[in-house]
Structures are given as C-alpha cells and as structure tokens.
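For the sequence shown, UniProt numbering gives the first residue as 1, with consecutive numbering after it.
By construction, these hints were calculated from the structure, which means they are not laboratory data. It is possible that part of the hints are untrue.
Simulated crosslink set (BS3-like; lysine-lysine; CA at most 27 Å straight-line) [unchecked claim]:
#	residue 1	residue 2
1	Lys540	Lys600
2	Lys446	Lys170
3	Lys600	Lys649
4	Lys156	Lys118
FRET-style restraints, in silico, Cβ to Cβ [to be verified]:
#	residue 1	residue 2	range
5	Asp986	Leu650	29 to 35 Å
6	Lys1089	Ile428	21 to 27 Å
7	Thr159	Ile462	46 to 52 Å
8	Lys507	Asn292	33 to 39 Å
9	Thr541	Ile275	33 to 39 Å
On a predicted model such as this, the values are computed, not experimentally measured, just so you know. Think of the CB as a built atom: it goes at the ideal place given N, C-alpha and C, for glycine as much as any other residue.
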Amino acid sequence: MLTALNNPKILILQCAIVYQRVEGKLLSLEPVIMQETEYLRNVVARISALKPDIVLVQRNVARLAQESLQQLGITLVLNVKTTVLERIARCTRADLVYSVDVLLNQIHLGTCSRFSVKKLSDSNKTLMFFEGCAFPHKGSTVILRGASRKELMKVKRVTSFMIYVLYNWKLESSLLMDEQAYVIQTKKPILQSPSDSVADIISKPSTDEKHTRSNSESTGDVKVAIQKPASQSIQDASDPLQSEPNVTSPMSPQDLHLAVDNVPTNSFRKALDDIILSVSPTIKYTVPYLENETGKKCDLRKYFPDNIYWSAQLDPAAPIVKNETPVETIPRHTLELKEPHAFLSEVLTETCDSAKVRSSLALYRAAGGRLTPSSKKLSPPPTVTPPAPVSTKIDALQPSNHQRLPVLIYICRSPIHSPGFCVEPCTINMDFYARNDIPLGSFLEKYCFRRDYKCPSATCLIPTLEHERWFIHGNGSVCVGLCEIENRPPEAYDERIIMWNWCPSCKQVSSILPMSSDTWRLSLAKFLDLRFNCVPLGCKTASCTHHLHQEQVHYFAYNNIVASFIYTRIKLYEVCIPSTTLKKSLSTFDKNGLFEEVKKWSLMGQEVFSIVLEKLHTNQTDATMNTLQPLLVKDQANLKQKVDDIQMKLTDPDVMNNLWNLEDSIVKLKRAVVESINNWNARLMKTRPKTKSTDSSKSLLTDIVEGTPTTETSTEYVFDSEESEESDVDHVDDSDTVKTKVPRMKAILSQLLPTNVPSLPISNSLVEAQQHHTLALGCSVPVVVYEQEPSSIISYALSSFDYQYKLEELKAAHEIETNECKIPHIDIKFSDTAANFSVKMYFADLFAELRKFSCPEGEESFIRSLSRCIRWEARGGKSGSNFCKTKDDRFILKEMSRLEMDSFLTFAPNYYNYVKNCFENSSPTLLCKIFGVFRVICQNNNSKTRSNLLVMENLFHSRNIKLRFDLKGSLRNRLVDTSLDSMDSDAVLLDENFINMISESPLYIHPHSKFILMQAINNDTQFLANQHVMDYSLLLGIDDTNMELVVGMIDYIRTFTWDKKIETMVKKSGLLGGQGKLPTIVSPDEYRKRFQSAMNRYFLGVPDRWSGLVEGINI
1 MLTALNNPKI LILQCAIVYQ RVEGKLLSLE PVIMQETEYL RNVVARISAL KPDIVLVQRN
61 VARLAQESLQ QLGITLVLNV KTTVLERIAR CTRADLVYSV DVLLNQIHLG TCSRFSVKKL
121 SDSNKTLMFF EGCAFPHKGS TVILRGASRK ELMKVKRVTS FMIYVLYNWK LESSLLMDEQ
181 AYVIQTKKPI LQSPSDSVAD IISKPSTDEK HTRSNSESTG DVKVAIQKPA SQSIQDASDP
241 LQSEPNVTSP MSPQDLHLAV DNVPTNSFRK ALDDIILSVS PTIKYTVPYL ENETGKKCDL
301 RKYFPDNIYW SAQLDPAAPI VKNETPVETI PRHTLELKEP HAFLSEVLTE TCDSAKVRSS
361 LALYRAAGGR LTPSSKKLSP PPTVTPPAPV STKIDALQPS NHQRLPVLIY ICRSPIHSPG
421 FCVEPCTINM DFYARNDIPL GSFLEKYCFR RDYKCPSATC LIPTLEHERW FIHGNGSVCV
481 GLCEIENRPP EAYDERIIMW NWCPSCKQVS SILPMSSDTW RLSLAKFLDL RFNCVPLGCK
541 TASCTHHLHQ EQVHYFAYNN IVASFIYTRI KLYEVCIPST TLKKSLSTFD KNGLFEEVKK
601 WSLMGQEVFS IVLEKLHTNQ TDATMNTLQP LLVKDQANLK QKVDDIQMKL TDPDVMNNLW
661 NLEDSIVKLK RAVVESINNW NARLMKTRPK TKSTDSSKSL LTDIVEGTPT TETSTEYVFD
721 SEESEESDVD HVDDSDTVKT KVPRMKAILS QLLPTNVPSL PISNSLVEAQ QHHTLALGCS
781 VPVVVYEQEP SSIISYALSS FDYQYKLEEL KAAHEIETNE CKIPHIDIKF SDTAANFSVK
841 MYFADLFAEL RKFSCPEGEE SFIRSLSRCI RWEARGGKSG SNFCKTKDDR FILKEMSRLE
901 MDSFLTFAPN YYNYVKNCFE NSSPTLLCKI FGVFRVICQN NNSKTRSNLL VMENLFHSRN
961 IKLRFDLKGS LRNRLVDTSL DSMDSDAVLL DENFINMISE SPLYIHPHSK FILMQAINND
1021 TQFLANQHVM DYSLLLGIDD TNMELVVGMI DYIRTFTWDK KIETMVKKSG LLGGQGKLPT
1081 IVSPDEYRKR FQSAMNRYFL GVPDRWSGLV EGINI
C-alpha cells in the first residue's frame, strides 16, 4: 500500500466488498468458490475502471479483493467510521457509494493535493492526512500533542468549543447582514470592547453588503469580539445595575448609604453578571423566574428547595470534580520474579486426555503468576486520602449546558378551519447544530416550500399551506405561516430563497435580498433563539427603530410560496393550588348597611316599648303600673346603651380590627329586642284576666287527648332515639318518622274544635318566624339560627357547650385507645318554642383537627363564616345538587345524596390521613379541602326538613374569576351551549368548551407550575384510585387580573359502586349513543389515566432558558 500520493483520486464506499452466499442450501464447495472469485473479479474490475488511487470502505473487504486491489496499486482503507467518511466526502467533493452494484461510471471521485500516512513519534497512533482539499472550509483536523492525556482532554474541549463559537458567529453575522440589522443604542451600552462592538461588526462593510455573493465563499478570518461590559470589572463589587453614577450631580454620603441599603442582594444575579453563557453577543440572559423577586414570592416557591440551581460559581466551597479514578499501583522494587514452572520445560509424551498431563496442567494453573511481592521488610505505603465522590449535579452556569433551546412546538390548522391540533404540543431540546436541529434553509425547503409535504396527522386532509407551526419559549411565541402569491417579486433570483422584513407599526418594508449560503446553513434553533432572546436590533433600510426580531415580521419566499415568522408575546399564567391554610377572612365592611340594620332594630325596639307603654296606660291598674313602669324604663335604657355602643364602634377608626366585636354587638342587639318582645308578652299576659271560652276549650281538648301534657306557648317534639341515630352511621335514612304522634293529633283537633285563644299584646310579626334569636348562648360566638340557612344551624351547634364537651370526651376516648368501639360522630340537639333542631357531625374529631391546622384564625373564624349563607346556583354543571355559599364567600355547602354520603363515610378517615400527610410533608395537593360533613334536621309546626351537607372551601374566594371550567378529561356530552341568553359570568363550562378555547388561545403556564400541577394530580389521583373513587373533576378559574389559574379537585366523594358499573357497561355498549366516545364514568384506574393525560394536554408548560438544568426536577 502506498503511504504517500500526490493529487490522488478518492473513492468512498459505504458498503462491504464481499460475496453474499446463499444460506440454508446444500451446495458443492467448488462452484461456490468459483462464483465468489468471479463476482469479486468483476467488482474489482469495475472499481479499477474508475482509476481511483485510494478506496475508503466502511465495512470489510474479502481477502481476494484486497489482493487484487493491491496488485493494481490501489490504496485500500477498511472499517472506516461513517462520520469520518461523511467528513472526507464533504471536504474532497466525493460521492458516497452505498452499493458496488450501482453504475460506478456515474460516480464522482474526490481529490486532494496530497495524501500521506504518518506515525507520530510521541504516540502509537498512525494517522492519514488529506491535505489541500477542494473545500477546506467545510472541515479540518487539529492535532493536540505534548502534554498528558488529562490536559489534552481539557484542551480538546476548549478548542472544540471555540471552533463552534467561530463557526456560529460566521453564520450568525451573515444572517444579521442579510437582515440589514444594527444595534439600537440604549442608555447603557449592551456590549463594550476595546476594539469592536457588535454594532461595529454588523455595520462593517463587506463583499456581502451589495449582496452579490457567489456560491463559493471565501474562507477569511472572522473577527469576534466578546468582551465583558466595562461596568462589570472585577475591581467593582457594586451591583452592575447601579454602576453609572451621575458625575454632574454628586450624591451626598447619606443618599449613597440609602441607595446601597435599598439594593437587594441576589447571589444568582451577581453570578450571572460575571459569566458569559451564550456564544452570540446579541443574546441576553435573565434571572430564572424562581430566582427573581416575583418568583420568590409566588405560592408554589415553598415546594422547591431554597437553592434550586446549582453551580460552582454559587458554591465556592464545592470540591473540584475529578474525572479520573486513581489506580492503585505497586512499586516495581517491591516485586520479585519466581522461577519458571517445570511444566513449561516438560516434554509431553502422552495425549492431552491422559491423567498425568491433566495433573501437571492443573498444578501449573494453581501455581499462579511469577510476579510476587517481595519478602523483604518494607516501609508501609503512604496512606492516600480517597477523592471526594464525583458530583452528578448539573451546573446551571456552565456555558456548555446552554448551547440548546428548549421549546414547545405544535402544528395546528389555521383559524379559518375548525380549531384543533394536528401535532399535539410537546417540549423538545434543540441542541444547536446537533440533536433535534436543522439548518434554516433546509427547514424552509423541506417543511415550507415543498409542495408534496403533507400534514403529519393521518386524519388531516387540509393542505399544508393552511397550517401553522408554533414555537413557544420564554415569554414569546413564533408562528410560521404559509401562503401562496400569484406573482413572484421582481427582485427574486431564480431558484434562490429571498427574504425581507416588514414592520406592522411603521408599515415599512426592508429591501428584498437573496438568502446567502451561510444564512442557509444557520441553525434553526439559533435563528429562533435570536427571535426570543435577542437585544433590540433595528433595520437600516426600513428606517424603523422597532425591534427587528420581535416587532417585525420576517418573510422568506421561494417561487410563489411565502413563509412568515411572526413573534408574539404570550400570557404566562401562574397556577394557584389550594393552600395549606386558608387565607384570613377579609370581612367586607359595609358601614351604611350596618347603620341601616342598627337603625331598623333600634326603631323596632322603640316600637315595642311604645306598644307596651300604651298597654300599660289603657288596661293596667295603678299597682301594675307602679310595678311594670320601672322595668320598662330599665329595658329602654338597656336598649339605648346597646345602640350607643354600636354607634361608637362604627365610628371608631380601628373598626376593621374589631369587626367581630361589632358583629357580636349587633347580634346581641337583635337578641335584646326579641327577648323584650317575649318578656313583655309574658308580663302583660299575666295581668290580663282569663276568659271562660279559653278554659272550656282547653278542658275539652284535654278530655279528648287524655294524659297528654299541654302547654300554651310550646310544643315538645321527640326525635328519633339515640339508638336509631347510631344506626345511621353507615346508612343515612331520608324517611321522616316521629315516634309520638300526640302533638300532631293535638294540632289537628285544635283546628277542628272551636277555640278562642287570646292574641298576644305585642305581635310576633315584627320578627320573622324562621329566625331564632333567643336560643341559649354558646361558648364562643353568639349565633342567630335561620331555618332557611342550614349553615347557621351548623354554626350554632359548633358554638354550643354541648359540642365542646362531647368533642373533648371523644378525643379522650381516642387517646386511651380502649377496645370499645367509640362512634366518632357527635349529635347535638337544641330547640326553642317554635322549632327543634338536630345536627349530626360525622367524624367530628378528625374534621376538628383538620380545621385546626387549616384555619389560621381558629375554629371561631369557621363558626362565624357559617353563621350566614345564601342560596347559590352553580350553572353549567351536571351534578344537580343544591349549593349554598357563606356570605363572606369563604365556604360552600353542598347537599349530598344518600349514596354520596355512604361512599364518603367509607374512606373519610383515609382522606384525613392523606391530607394531613400532605400538610406535614409540604406535598402539593389539589383536593379542595372538606371541613366537615353534617346531617341537619329542622322541624317546626308545619314541616320537617333533613339535609346531608358537606362544607368545603371556596377556591374562588376574593378572586376576580373571568371563566370557570369543570374538567373531567372526557369528551362525551361535555359541552355547554354558550349561545343561550341565560348564560352569565358564573356559568361553569365543560371539557369541550375548554378545548375549543385553548385551540384558539392556549393556556400557557410557567414550567414550575406545570411540574407542581402534574405532581399533585399524580399523587391525588393515585390516592383516589386506591379508594375506588372516580367521577372527580378539576375546577378551573381564570383570573386575568392577577394572571393566575385557580385549580382544585372537587366531587371526589363517589366510589365505583354497582350502579356506576352498570352505567359504564350500558354506555360503552353504545345503546345510549355517545358517538363512539368513552363514557365519563369508567373504572377508577381508567379514569385516573384518562384524567392525567387530559390535564397534561390542557395546560401547556412553556420552557425557558433554564429548563432542564435542575437535577430531578423538570422545570
């Protein structure tokens, strides 16, 4: 083989030169050898006809072919890597031949000025040199010599990186010149250097200025100036943002001291200012969201460690990472060489199967090697401290980790068609000039200008020109759209891509120029990086100062197809999940409303006392007057004192801090008025003479109902016994049974028999009959019970002394841990003269503990919130349940069916343990917190009502919610008709409405929000699936004011019981329609998978510059 050739012809084969024998057939050996010889002779003849001097083969070559090529004087190189062959072909202009069976006479051979094979003197490697190639700018080789392998590896990394920097700047500067770009001068220089700035480099005249570049470009040096700003000198330790003092107006020492104190210290920002991460001088870097002031204050920040990003720049004490592992060696002077074993010199006279030979061989093997440690006493070797373990952390401030662009991409139909994704959104890392990247020109030719290119979706029949390709990164998006024009621009070059810019604000168009070959080779990822993160640049020929890459539209055209690149800033939302603790109640202070309420009750009290005074003067004797007159004066003074106290509190400047005391005073005022009515009715009735008709009617009624106790002012109702209540734990009965029917009989007979019951002196019509102001005061909060407001009944029960006593008793029983099964429910009964009430609190101790660490203001705040509520209709949902909302908007009461109550009670203790574990371990959860489950019974003279109620937090409390969605991940019957006139802002929309919305305007969220959201969904759905729960929903509220998405999981109380299984089977069969879609109700595991997949598609996390640089956290 010749080792030196001048002007050789080079043939490159990406195949093997061998004869393919037929396997599996019985053939004679001689014909096969003859066929192989004939085939290889023909192949060699075809190769020799091209007259190559060097043949490079990717795979092996048959021995016969090697000998034939050697006889012809052709240099043959075997088993060459594919990447090496591609590089040689690119530099020597040689064609890659994929098979020796093609017509070799049409193959173009490569060439170079000289080929040689040399062996380096200081290395055992033999290298082949191809010198004087046709395209030297397309590849070269740098040989590093003279140092240890460790040092050479470092030099190799630095050299490779610098070659990459030089190559990128050559292509990037070509793009900037094609765009006629210049740096818009700002107050502070973006880049300063002793020689040239970016603006100087861009504006330097070149042969490309007139855009008459030839296809073969010169290979001159490109001058690159990447310097640190002068304000970031290492001698100056001040904040670079404050590094330009005004020399014309010097600051006083006091002002200087204040300015320094007000500057926040941000170690990450300072480290970022001291390092260059991008190879492009026009790319700017900002501090990660979670490291700036806004991100540090967001609610989700607590779920991440204090130091999210790691870098040696941030941790100077970090040990230096060693790449090599120390090898334990033994000094040569500590070894001895033993005598050779006898088996080596033994003459074998028997076969290998004999016992003697096998015995000798076994002894030889057992003796081991000849090198053994010396028997001389030597000093012990010095102890070597083991190196620190190699760190696996990702250095967030390492420049090599930033040579990529994380981007969210998807393909959709243009707005003129029905919304929908042809390619679902996905996040990829585009490594510059490497993985997932493509040259800009190749992208345009392959995906934009090629007419036979079709949509990747198999179900999409819309032409490619009516699609849009989206790239989203950071705070912006780039939309690539296509259109077809009738005539090509007159300045267009034949078979060349042309480009220009247009400013929508100024209506200015730049010059139309052909794309240079260097711009064609520019990385698409780098081109997009300039759109997303470039400093402000302007266009020279457009006379426009708007941002070239973000405020202007870029057009590329080929023939009559035009591709546009449009940058748009996007809305990035922060996800708000249910907080560990509720926000403190922000009581609304309606001063005028409170004044009117106090005025109303004050006038009512005055009216009562006026009626009393009139009765005393008309119907009472002087003795009675003397007795009752002082009491009336005392009550009037007491009422006046209460009103004066309330007025003083209302006018107090610190009224907001004493709002609870003010509310209690108003409740006590109402109670005082009602008590005055009752007391004065009793006093005046005592002084009124009794009539005979009244006595006779009572006597007749008593005779009919023998042995029945009767009273004039109250009726005693008897509820179910305690035993029946306890049997209601696992099965809630909706039947209305009253054991004793005597009161009903008495009520019926009292209406049939003629009676003449005397009227009350003061009419009870002044106070509504359904309001109960005179119930016994509780231990903490005075509560008025309203029959139409079930929350007030629960509130009164929670504030009663009876509840506090039973709760302490229940907790004590659990602490003792007796074998007796203590029912974890509490029953509270209370009544007055008009109605009886019963409240059953399920798992009272567990929910009391949950409220303890969830309500920052304690149980009293919870009781006050429940004291008043209003009816609330949740429009758009399909549950059909009745809802109430507390007047302070903090809690929602949902009525539960019997099956829902039975289902929830089966896993309520597990729910408590799960929520408590999430709180203690700071684990995110989306479960909308449930603060209690109650059964409320209210019975008056006319009716009896029974309700099973669930009290949960209101996720939208104190928020300005624009749209509401109930999302299940199912598309079967999940559409609300928004064209109805009855739709309002409180309507709850469903999945299909949400998909229609995000197809036109996707919901983009921060990457850390997406990470926490999916982590919480994964944990919560796994817990619910273990409890056999399905049919839960994700409640979503869009708050555009604060740019927040408020989310929480609701309706997680229904288990997969037999009725749901039957419903699933019937709907899957298609008997009820559904258009082939899966039913909403499926098994818990199926429901979980579908729910997770849907939520991952619904909420699009937008990657930024720092995505993927945190070990174990995908943000």
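Checking against the hints above, which ones are violated?
-> 1
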